[in-house]
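Enquirer: According to my numbering, the sequence shown holds residues 1 to 270 in order.
For the record, the hints were derived by calculation from the structure and aren't laboratory data.
Please read all numbers here as calculations on a predicted model, not as lab measurements.
In this text, a Cβ means the ideal position worked out from N, Cα and C, and glycines have one as well.
Just to be clear, a hint being listed does not mean it is correct.
Computed cross-link-like contacts, DSSO-like style, restricted to lysine-lysine with a CA-CA straight-line distance of at most 30 Å [unchecked claim]:
#1 5 <-> 166
#2 89 <-> 18
#3 111 <-> 166
#4 5 <-> 89
#5 5 <-> 18
#6 111 <-> 18
#7 219 <-> 166
#8 111 <-> 219
Quick list of simulated restraints, FRET-style, between CB atoms [what the hints assert, rightly or not]:
#9 164 <-> 65: 20 to 30 Å
#10 29 <-> 250: 51 to 61 Å
#11 110 <-> 240: 21 to 31 Å
#12 114 <-> 74: 38 to 48 Å
#13 65 <-> 195: 34 to 44 Å
#14 8 <-> 211: 40 to 50 Å
#15 69 <-> 189: 40 to 50 Å
#16 44 <-> 167: 19 to 29 Å
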Amino acid sequence: MVDRKATDARLAVSADGKALVTYRARGRLRHVLATGAINALAPTPGRQQVSFTMLYGRGMKSRRVLRRFANVCSAYDGPPLAWLVAACKAADGSYWALQSWQRGLPNYGVKARGGQAARELRLSHWTGELPVLSITPGWAYRGRFDHLYGSFSYLGAPVYGFRTTKRGAPLDRWGRSLYVDTYNSAYGPGWRRENGFLTRRGTGTFCYGFYNRGGRVGKGQLYRVTVAGPGVTPDVTWQGAAPGAYDPGRERERGLSGLGPGGGNDHRLC
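Taking the hints into account, I'd like the entire structure generated from these sequences.
Expert: Shown next, in the form of structure tokens:
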């Protein structure tokens, strides 16, 4: 992450592969120089995931850097990106992008307070394929609740972490939390945050049921899931319609019921 509550963000990349992010935050024009990372590694115990070295303001002797910095990044011609602010193609053919979205919203449709609603400005650098977030909507407990089953992978390898807090927050740079939003639910009109959770260690899979929590069920008309890419790859989003009225035949055909009595085998992977 570059910063929070950033506006007017711009992206430039030099011939030697350094990115300069310029934006406004907290009433000032700010500059960040990022370098030293591309793509992502597959989860490996004992190793560190790739990450940027970021120099902020005085730490990069900003006046000298800004005076000498020459942008050679050309128009972006890569794959579509969610939450896009700016993107370009570097001289070596790699891509850089800035994305911005609300990661810190409170769960279960609770109204955001303070900085919880702030958008995070996030930088990525990659070549080749994007991370893949694959999700199938279904049902749990024979149609009583909507349910999402899915997986998160990069270049065919599952994305997961090794250490978490008791509440399920990642404690290393491998883990990635998925953030689920629900549209036109009991929480209110429009998009509201439902929950956030990690992929399963070893498989990168996950299940989520829209159960009764605090007297309300987050069942909506549409669902959206956003997750930060592994390493320094772009953040990705899935969006789809709710599964609709319970259909036992479709459930058996596609194996959509991953949780609860009568469910299929998907729960073994969640």
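Enquirer: Take the C-alpha atoms of residue 89 and residue 18, compute the straight-line distance between them, and say whether it is at most 30 Å.
Expert: At roughly 12 Å apart (the allowed maximum being 30 Å), residue 18 and residue 89 satisfy the hint.
Enquirer: Within 34 to 44 Å: is that where the Cβ-Cβ distance between residue 65 and residue 195 falls?
Expert: Holds, at about 41 Å.
Enquirer: Given the hinted pair residue 5 and residue 18, is their alpha-carbon gap at most 30 Å?
Expert: The given pair, whose Cα atoms are some 23 Å apart, holds under the 30 Å limit.
Enquirer: Residue 111 and residue 18: Cα distance at most 30 Å?
Expert: Given pair residue 111, residue 18 is violated - Cα atoms ~39 Å apart, limit 30 Å.
Enquirer: Does the structure keep residue 111 and residue 219 at a Cα separation of 30 Å or less?
Expert: Given that 30 Å is the threshold and the Cα spacing comes to 18 Å, the pair holds.
Enquirer: Taking 51 to 61 Å as the stated bounds, is the beta-carbon spacing between residue 29 and residue 250 within them?
Expert: Holds - the Cβ-Cβ distance for residue 29 and residue 250, about 54 Å, lies within 51 to 61 Å.
Enquirer: Does 38 to 48 Å hold as the CB distance between residue 114 and residue 74, or does it fail?
Expert: For residue 74 against residue 114, whose Cβ atoms are near 40 Å apart, the range 38 to 48 Å holds.
Enquirer: Between residue 219 and residue 166, does the CA-CA distance stay at or below 30 Å?
Expert: Measuring from Cα to Cα gives roughly 26 Å; hence the hint holds.
Enquirer: Is it true that residue 44 and residue 167 lie within 19 to 29 Å of each other by Cβ?
Expert: holds (25 Å)
Enquirer: Tell me if the straight-line CA distance from residue 111 to residue 166 falls inside 30 Å.
Expert: Given that 30 Å is the threshold and the Cα spacing comes to 24 Å, the pair holds.
Enquirer: Hey, residue 5 versus residue 89, does the alpha-carbon distance stay inside 30 Å?
Expert: holds (25 Å)
Enquirer: Between residue 69 and residue 189, does the beta-carbon spacing fit 40 to 50 Å?
Expert: At roughly 45 Å between Cβ atoms, residue 189 and residue 69 fall inside 40 to 50 Å, so the hint holds.
In the structure shown, a violation is registered for the earlier hints numbered 6, 9, in ascending order.
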